[in-house]
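Visitor: The lines below spell out each chain.
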Amino acid sequence: MSDGAAPEIIVGELREILARATGREELRGIGDRLPLFGEGVGLDSLTGTLLLREVHLRFGVDVAGEDLNLDALETLGTLAAFIAERTA
Amino acid sequence: MIVKCVIWDLDNTLLDGVYLESGSRPPGADPAMLAAAATLRDRGIIHAVASRNPPEAARHAARVTGLDFAAAECGWGRKSDAVRQIVADLGIGADAVAFVDDDIYERAEVSFAVPEALVLSPEDITDAVGWPEFSPGPVTAEARRRGEMYAERRRRLQEARAFAGPRDEFLRYSRAEATISPATQEDVPRLHELSVRTHQFNTAGDPVTEPELRALIASPAHQVTAVRLRDRFGDDGLVGGCVVRPGPGEWTVTVLMMSCRATGRGVIEALLAWLARSAGRAGAATLAVPCLVTTRNMPLRLALAGSGFRAAEGGPPGPAVFRRPLSGPAPELPGWVVAP
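Protein sequences, first through last, are from chains S and E.
No gaps in the numbering here: position 53 of the first sequence is 53 in the numbering used here, and each next residue is one more.
No gaps in the numbering here: position 11 of the second sequence is 99 in the numbering used here, and each next residue is one more.
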């Protein structure tokens, strides 16, 4: 558990998780403002599930349980901020 | 490859409910899973448990199922670590175990980390008792076909994993073809089965009966749609469907369901794009998807979020209506989708 970790550190960990979940190494280099849905990352129902469950395991934050529209998944930056607020 | 050990998840898999959420009355055995497990036990296949629960849960499961577990890994770590630990404890190969879990994530995680293991959903295991992998003796033609279907899926998964590049390129390479068409009366039994068996991609919560489906197909006020999927690895047949009530300003998707066989292959997203195009073409301003939000249908919520749907209020958990405005350019339909 990374209590009170800065969003930048969380973003770094999320990149690792995303690259592992998708099997796409190039995602280790993406920016924190790149949209996760649609072109670019192309998060779908399977990779999104992998990402959220890994976030739950790693940070103890249940994004799906709190965020009806999954707005936290807009970018890695918004997801990191969501996690940081709840682990501070 | 013959399976020697089946490793079971407990919550909503071997047990008919969630152990820690049931207070003083822990859940009983799931009848369908117990029947499959008992059949396999009688063939000499052993059983083990990998569960996100305290160790008491495994003892409870042993009591209510009457099964002897050769190993039990209970805790909050990764399921793939639990599977590896069980394999080591029992001294068998990872290719001699099957792992059964209702959770799409757990299955993906184990297939990724332990590619040798046979990873199955509860829906699969009820079929799988007839597969050659579980049958030392003679097998029926139908069972052999099911076994082949699994082998096709395993080849697809292995090649997809080895494929460097975007998913759409893999779908082109694998010659994936999804066919969206009006459902016919012949589709009714399979559509009913999907409404009972799908949880991760299901909006309704309640199964739709065969008479209800027949009436909906005949009703001029509704459109019932079937989705079929095949590729170079095999033909998955009817994998999904939906029921739509078109209105002048808004189309409402009253039932939306998709088999886990189509998971990760872009089919639910393609169906949502097709629905938005059809509703937009008919002049509707919005497309609505009422949904009973649960922890299990989170993958559906991801597909909705990724397809531009939002709910103004509601769960999680509980009922919510997801809407997508149809102004602006219609969403693209991938080239591998055949649709009216």
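Quick caveat, the hints were computed from the structure, so don't treat them as lab data.
Wrong hints could be hidden among the right ones.
Said to hold, decoys possible - Chain E side only, calculated, beta carbon under 8 Å to chain S, not exhaustive: (1) Ala196; (2) Arg398; (3) Gly416.
Claimed, not checked - To list a few chain E residues with every Cβ distance to chain S over 10 Å, as calculated: (4) Arg166; (5) Arg244; (6) Glu357; (7) Ala372; (8) Thr383; (9) Arg389.
Claimed, not checked - Here are some chain S residues pointing at chain E (derived, C-beta under 7 Å): (10) Ile9; (11) Ile30; (12) Leu34; (13) Phe37; (14) Gly40; (15) Arg53; (16) His56; (17) Asn69; (18) Leu70; (19) Gly77; (20) Thr78; (21) Ala81.
Glycine included, C-beta positions come from ideal geometry on N, C-alpha and C.
Visitor: Work down the list of hints and note, for each, if the structure agrees.
Guide: Now for the hints, and whether the structure bears them out:
no.	hint	in the structure
1	Ala196	holds (6 Å)
2	Arg398	holds (5 Å)
3	Gly416	violated (14 Å)
4	Arg166	violated (7 Å)
5	Arg244	holds (13 Å)
6	Glu357	violated (6 Å)
7	Ala372	holds (21 Å)
8	Thr383	violated (7 Å)
9	Arg389	violated (6 Å)
10	Ile9	violated (22 Å)
11	Ile30	violated (14 Å)
12	Leu34	violated (14 Å)
13	Phe37	holds (4 Å)
14	Gly40	violated (10 Å)
15	Arg53	holds (4 Å)
16	His56	violated (9 Å)
17	Asn69	holds (5 Å)
18	Leu70	holds (4 Å)
19	Gly77	violated (17 Å)
20	Thr78	violated (12 Å)
21	Ala81	violated (17 Å)
Violated hints, listed in ascending order, are 3, 4, 6, 8, 9, 10, 11, 12, 14, 16, 19, 20 and 21; each of the other numbered hints is respected by the structure.
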